[in-house]
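Undergrad: Protein sequence lines correspond, in order, to chains A and B. Residue numbering for the first sequence follows my numbering, starting at 1 and increasing by one per position. Residue numbering for the second sequence follows my numbering, starting at 1 and increasing by one per position.
It is possible that some hints are incorrect.
Which chain B residues stay away from chain A? Per the calculated CB distances, all over 10 Å, these [as the list claims (entries may be wrong)]: (1) 4; (2) 18; (3) 19; (4) 21; (5) 34; (6) 36; (7) 41; (8) 42; (9) 54; (10) 59; (11) 65; (12) 67; (13) 71; (14) 81; (15) 84.
Where chain B lies over chain A, by a calculated footprint (3+ residues, C-beta under 8 Å) [to be verified]: (16) 11 to 20; (17) 53 to 61.
Hints are computed from structural coordinates only; laboratory data are not their basis. All residues carry an ideal CB built from backbone N, CA and C; glycine is no exception.
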Amino acid sequence: MGAPRKLAAGLLKAVLRLVPEESRQWATAMLHELDFVDGDWAALFWALGSVTAILRHAASVFRMNLKRPAKEAGMNNTGRKALGITLGALSALFVAGCAFPLLRLISLMFPELGYGHASWPYWLTVIMIPEAIFAVATVLLWRKRGPVAAGILATALIMGLHVAVHAAMH
Amino acid sequence: MKLRMSPQTILTLDAFLERPEEWKYGYDLSRTTGLKSGTMYPILMRLAERKLLETQWEIADPGKPPRHMYRFTPEGLRFARANAPEQATGGLGQVALGLAEL
Chain A
1 MGAPRKLAAG LLKAVLRLVP EESRQWATAM LHELDFVDGD WAALFWALGS
51 VTAILRHAAS VFRMNLKRPA KEAGMNNTGR KALGITLGAL SALFVAGCAF
101 PLLRLISLMF PELGYGHASW PYWLTVIMIP EAIFAVATVL LWRKRGPVAA
151 GILATALIMG LHVAVHAAMH
Chain B
1 MKLRMSPQTI LTLDAFLERP EEWKYGYDLS RTTGLKSGTM YPILMRLAER
51 KLLETQWEIA DPGKPPRHMY RFTPEGLRFA RANAPEQATG GLGQVALGLA
101 EL
């Protein structure tokens with residue numbers, strides 16, 4: 001098994017662990033189908049397309065779940081806010097988690113760049129891009145989905161603080 | 001039932017119409033239609049959510065992962081035929097490809 005195919009399988013397995021229950025059947029289907037794809041690079045492209053499809057599906061499930069609690073009379077306002085914050089935090093963690101497979105992919109495709117903790121690809125992929133996504137998502141969601149935006153913002157701040165402390169100590 | 005009939009959706013429906021009674025695999029569909037996984041799977045998901053496709057796990061041989069299979073439900077077959085009156089093999093797909101190339 002070549003490196004691209006290994007990476008493809010790793011990517012799909014990582015996504016499979018992260019996606020909600022509703023998307024898991026499709027993620028498993030795509031992962032199993034990977035064994036039948038001819039060629040290592042074709043397998044990698046298959047996995048990348050599959051990951052996109054799964055994430056889109058998971059996002060639609062996420063949106064549906066977000067709307068559902070508002071319609072349920074049984075859940076009070078505090079419960080809805082807590083759920084929104086949790087969903088925001090989880091989605092932010094998911095985005096941050098995606099940075100590592102991306103970094104791995106970059107390191108595989110461009111080994112000359114280097115990807116140690118002090119290198120710019122590392123900082124760009126693991127910190128700058130996720131933090132930029134969090135900032136944009138927070139601004140976009142602030143009015144309509146305040147608790148979700150708060151969850152994303154809180155996670156972004158904690159992660160930023162973690163990076164600052166880490167940088168100061170090392 | 002509303003379903004956006006993009007050229008890619010038409011291609012997928014056409015692939016299922018060739019032998020509607022047969023179960024089909026994702027990768028085989030991808031090769032038949034020429035669609036990438038990132039395009040084809042969302043279409044399959046939408047069709048399955050609208051109950052136009054039924055899905056099933058294949059009973060696999062030992063050492064092989066079970067594969068997910070798809071085929072039309074009776075409603076899906078009616079829907080596809082209603083949207084593809086000519087139904088000739090490849091006919092709709094060629095139209096769709098022509099549309100996609102425009």
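Undergrad: Determine for every hint whether it applies to the structure shown.
TA: Quick rundown of the hints versus the structure:
A cut-off of 10 Å between C-beta atoms confirms that residue 4 of chain B is not in contact with chain A; the least separation is 14 Å. At the 10 Å boundary, the C-beta of residue 18 of chain B stays outside the reach of chain A, the nearest C-beta of that chain being 20 Å off. The non-interface label for residue 19 of chain B is consistent with chain A: the shortest C-beta to C-beta separation is roughly 19 Å, beyond 10 Å. The beta carbon of residue 21 of chain B is kept farther than 10 Å from every beta carbon of chain A, the shortest such distance being approximately 21 Å.
Every C-beta of chain A lies more than 10 Å from that of residue 34 of chain B, the closest at about 13 Å, which supports listing it as non-interface. Look at residue 36 of chain B: its CB is around 5 Å from the nearest CB on chain A, not clear of 10 Å, so calling it non-interface is violated. Not every CB of chain A is more than 10 Å from the CB of residue 41 of chain B (nearest about 4 Å), against its label as outside the interface. Against chain A, the non-interface label of residue 42 of chain B is violated: not every CB pair exceeds 10 Å, the least being about 5 Å.
Every beta carbon of chain A lies more than 10 Å from that of residue 54 of chain B, the smallest distance being close to 13 Å; the non-interface claim holds. Against the 10 Å criterion, residue 59 of chain B stays outside the reach of chain A, whose nearest CB is about 13 Å from its own CB. For residue 65 of chain B, the non-interface assignment is contradicted: its Cβ lies about 4 Å from the closest Cβ of chain A, within the 10 Å cut-off. With a least beta-carbon separation of about 6 Å from chain A, residue 67 of chain B fails to lie farther than 10 Å from that chain, contradicting its non-interface assignment.
Against chain A, the non-interface label of residue 71 of chain B holds: every CB pair exceeds 10 Å, the least being about 14 Å. Against chain A, the non-interface label of residue 81 of chain B holds: every CB pair exceeds 10 Å, the least being about 26 Å. With a cut of 10 Å on Cβ distances, residue 84 of chain B stays outside the contact zone with chain A, its closest approach being about 24 Å. Residue count for the segment 11 to 20 of chain A with a Cβ under 8 Å from a Cβ of chain B: 0. That is fewer than the three needed, and the coverage hint is violated.
Only residues whose beta carbon comes within less than 8 Å of a beta carbon in chain B count, and the segment 53 to 61 of chain A has 4; three or more means the coverage holds.
Checked against the numbered hints given earlier, the structure breaks hints 6, 7, 8, 11, 12, 16 and satisfies all the rest.
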